[in-house]
Every structure is written in structure tokens, then in C-alpha cells.
Amino acid sequence: MIRAMLQRSLLFALLWWVLVEGRPDSWGLGLLAICAALWASLRQLPPGSRRLSLTGLLGYLTFFVSNSVRGGAQVAWMALRGRQALQPAILEWEMALPPGAPSVLLLNTLGLMPGTLGVELTDDRLRIHVVDERLPILAEVAVLEAHIARMFGVGT
Amino acid sequence: MTGLEMPVALFLLANLLVALLVAAHGPTAADRMLVALLFGTTGVGILVLLARAGGRGALVDVALVIALLAAITGIAFARRAWHDKEHPDA
Amino acid sequence: MLEMASGGLLCIGAFFFFAGTLGLLRFPDVYCRLHALAKADNLGLGCLLLGLALQADSLAAALKLLLIWPLGLAASAGVSYAIARRADALGIAPWRRKDP
Numbered sequence: 003m004i005r006a007m008l009q010r011s012l013l014f015a016l017l018w019w020v021l022v023e024g025r026p027d028s029w030g031l032g033l034l035a036i037c038a039a040l041w042a043s044l045r046q047l048p049p050g051s052r053r054l055s056l057t058g059l060l061g062y063l064t065f066f067v068s069n070s071v072r073g074g075a076q077v078a079w080m081a082l083r084g085r086q087a088l089q090p091a092i093l094e095w096e097m098a099l100p101p102g103a104p105s106v107l108l109l110n111t112l113g114l115m116p117g118t119l120g121v122e123l124t125d126d127r128l129r130i131h132v133v134d135e136r137l138p139i140l141a142e143v144a145v146l147e148a149h150i151a152r153m154f155g156v157g158t
Numbered sequence: 002m003t004g005l006e007m008p009v010a011l012f013l014l015a016n017l018l019v020a021l022l023v024a025a026h027g028p029t030a031a032d033r034m035l036v037a038l039l040f041g042t043t044g045v046g047i048l049v050l051l052a053r054a055g056g057r058g059a060l061v062d063v064a065l066v067i068a069l070l071a072a073i074t075g076i077a078f079a080r081r082a083w084h085d086k087e088h089p090d091a
Numbered sequence: 032m033l034e035m036a037s038g039g040l041l042c043i044g045a046f047f048f049f050a051g052t053l054g055l056l057r058f059p060d061v062y063c064r065l066h067a068l069a070k071a072d073n074l075g076l077g078c079l080l081l082g083l084a085l086q087a088d089s090l091a092a093a094l095k096l097l098l099i100w101p102l103g104l105a106a107s108a109g110v111s112y113a114i115a116r117r118a119d120a121l122g123i124a125p126w127r128r129k130d131p
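Protein chains in written order, with my numbering: chain A, 3 to 158; chain B, 2 to 91; chain C, 32 to 131.
There could be a bad hint or two in this list.
Said to hold, decoys possible - Derived CB-CB ranges, DEER-like: (1) B/18 / A/50: 49 to 57 Å; (2) B/19 / A/127: 32 to 40 Å; (3) B/36 / C/126: 14 to 22 Å; (4) A/44 / C/122: 22 to 30 Å; (5) B/59 / A/155: 38 to 46 Å; (6) C/101 / A/101: 23 to 31 Å; (7) C/43 / A/141: 24 to 32 Å; (8) C/33 / A/9: 45 to 53 Å; (9) A/49 / B/73: 17 to 25 Å; (10) A/140 / B/18: 24 to 32 Å; (11) A/29 / B/7: 32 to 40 Å; (12) A/9 / B/55: 46 to 54 Å.
I should point out that these hints are in silico values taken from the structure, not numbers from a laboratory.
We put the beta carbon where it would ideally sit given N, CA and C, even for glycine.
Input sequences plus hints: build the corresponding full structure.
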């Protein structure tokens with residue numbers, strides 16, 4: 003409990019320092035803001051209820067950033083080539099992740115990954131719109147799913 | 002200061018205008034909803050460029066708040082979509 | 032050196048915004064247009080923010096600029112899924128290539 007409070011206070015202090023661009027004259031108000039944020043965070047997300055794996059998070063973030071760069075470049079190239087570059091289709095994916103935050107994260111990450119866009123999530127089936135069905139997209143979704151599972155510490 | 006900020010900001014503004022017109026004309030209602038996406042990214046981009054070009058740091062705060070509101074909107078949408086699934090009648 | 036990198040990033044960012052708009056103009060249906068806007072515009076915003084952060088006055092100011100990126104990403108991800116889902120619920124069929 004104490005450890006979580008310290009960690010979070012430090013995080014909020016860092017955030018405040020960034021928001022005021024390092025000006026030293028605003029720490030009075032900052033202290034107030036940090037206390038308010040700490041209170042709200044302890045209320046909304048009590049410590050210990052859900053633990054994220056730090057290495058899993060780093061793995062996910064690296065995967066996410068590199069793939070969103072690739073996704074942007076790919077779609078930009080398609081836009082330059084026009085509609086003959088497209089071969090859209092809707093694919094079905096069976097969710098192995100538990101419902102709740104892991105599923106929602108997968109669904110929303112898909113919108114920024116190369117060539118995929120979540121369309122509908124029903125129970126454990128996800129319908130994905132892909133811009134080009136010739137690409138090995140489902141294999142990439144499986145990699146993303148494994149990253150998210152590792153981050154939340156759940157089996158797929 | 003590279004001097005590029007203002008030209009790039011104007012270029013983005015032209016982009017935003019074209020995109021808004023296209024999206025607003027879109028054949029379906031879903032096309033018209035694309036406008037919501039445009040402001041979250043292009044609008045924020047223009048604001049940060051103007052902040053640098055005009056030396057007005059406050060515009061960065063404006064961009065940050067717009068991005069924050071857009072993020073909250075996005076998360077609220079996503080959460081609602083999730084809850085709709087559990088209560089199909091809602 | 033730093034200025035050149037920053038200028039380069041600004042130009043790359045502008046290119047991705049342009050590609051996003053081009054996709055909006057040229058892609059045949061709302062789903063493909065969502066791909067273009069969500070991915071290309073966000074990458075453009077990322078490049079722009081990185082470019083400006085390189086020439087920020089202090090570390091804190093640079094981090095503040097970079098803080099905007101994840102917010103924009105979260106917004107695009109959530110909103111684009113909501114639009115796709117709504118389009119699907121409205122019965123808008125995805126465009127398919129005629130000659131497979």
C-alpha cells in the first residue's frame with residue numbers, strides 16, 4: 003500500500019513537472035494536484051487489484067510503436083497507389099484473451115496496426131476488416147495477442 | 002527555429018479543409034463521422050506547430066487538452082461498445 | 032544538425048497527413064478510409080511532435096509535446112472502432128474487388 007502510494011506520487015510529480023515545463027514556481031499548486039490525483043487513483047484503481055508485467059509492457063510498447071510506424075507507411079503507400087492496391091475482406095478471429103481490459107486493448111490496438119481494423123466483437127469472436135487479404139495478417143494478430151497476454155499475465 | 006513550422010501548419014490546414022469537405026459530403030452517415038477523427042489528429046498537429054511558430058507556449062496546453070478530450074471520447078466510445086455487447090438492448 | 036533532423040521530421044509528418052487525406056479521397060468505402068485516417072494521420076502527428084520536441088527549450092517541454100502522441104493514439108483507436116462498428120450495424124457492406 004505504502005509502496006504503491008509512493009510510486010504513484012512520484013509518477014504524478016513527474017507528470018506535473020512535464021506539464022508546467024519544469025518551471026519551479028508552481029509546486030504549491032502542484033502539490034495540491036498531486037494529492038488530488040493520488041486520492042482519485044487510489045479510489046478508482048486500488049493497488050494490487052491488477053498487476054501488469056513490466057517486461058511485458060515494454061515488449062508490447064516496442065511492438066506497438068514499430069508496427070504503427072509500419073502500418074502508417076503501408077497505408078500511405080496504398081493511398082498513393084489508389085484503389086488498385088486494395089483487396090479488402092472481413093476476417094474472423096477467435097479470441098483467446100479473457101474478456102475485459104485485455105480484449106478491449108487488442109481490439110483498439112488493431113485499429114493502429116498494419117492493415118487491420120476491428121469491426122465487431124461478439125462473445126469470443128472478433129470480426130476484422132483487412133485492407134489486403136493477401137497479407138499474412140492473422141499471424142500478426144496472433145503475435146499481438148501473445149504480447150497482450152504476457153503483459154496482463156494471462157494465458158491464451 | 003527551422004522556419005518550416007508555418008508552411009507545414011498552412012499545409013495541414015489545407016489538408017484539414019479538403020478532408021472535412023470530403024468527409025462531410027461522404028455518401029454514408031459513417032463517412033460523416035470521420036470528421037471526429039480529423040480534429041483529434043490534424044487539429045492538434047496544427048496547434049503544436051502554431052505554438053512553436055508564434056512562440057506562444059499556451060497553444061501547446063490547448064493541444065494537450067484537445068488531445069485529452071479526444072482520448073476520453075475515444076475510450077468512452079470503446080467502453081460503450083463493450084457494454085453494448087453485454088446488454089444488446091441498451 | 033538537430034535543426035535538420037527536426038525539419039526532416041516535420042516534412043515526413045506533413046507527408047503522412049497528406050497521404051491520410053489522399054486515402055480519404057481515393058479509397059472506396061468508409062472502412063478503408065478509416066484505415067487511412069487512423070494510421071497515416073497518427074504517424075504524421077507522431078513525426079511532427081518528435082520534430083518539435085527536438086528543438087524544445089527544455090527536457091520537460093519536449094516530454095510535454097511527446098505526451099500528446101499517446102492521447103491522440105487512444106482517441107483514434109477508440110473512435111475508429113466505434114465508427115467501424117456503427118457502419119457495420121448500419122448495414123454498410125465493405126467494398127470488394129470485382130476481379131479477384
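Evaluated hints:
no. : hint                      : result
1   : B/18 / A/50: 49 to 57 Å   : holds (50 Å)
2   : B/19 / A/127: 32 to 40 Å  : holds (38 Å)
3   : B/36 / C/126: 14 to 22 Å  : holds (21 Å)
4   : A/44 / C/122: 22 to 30 Å  : violated (45 Å)
5   : B/59 / A/155: 38 to 46 Å  : holds (42 Å)
6   : C/101 / A/101: 23 to 31 Å : holds (24 Å)
7   : C/43 / A/141: 24 to 32 Å  : holds (29 Å)
8   : C/33 / A/9: 45 to 53 Å    : violated (34 Å)
9   : A/49 / B/73: 17 to 25 Å   : holds (24 Å)
10  : A/140 / B/18: 24 to 32 Å  : violated (38 Å)
11  : A/29 / B/7: 32 to 40 Å    : holds (35 Å)
12  : A/9 / B/55: 46 to 54 Å    : violated (38 Å)
Consistency note: the structure conflicts with the earlier hints numbered 4, 8, 10 and 12.
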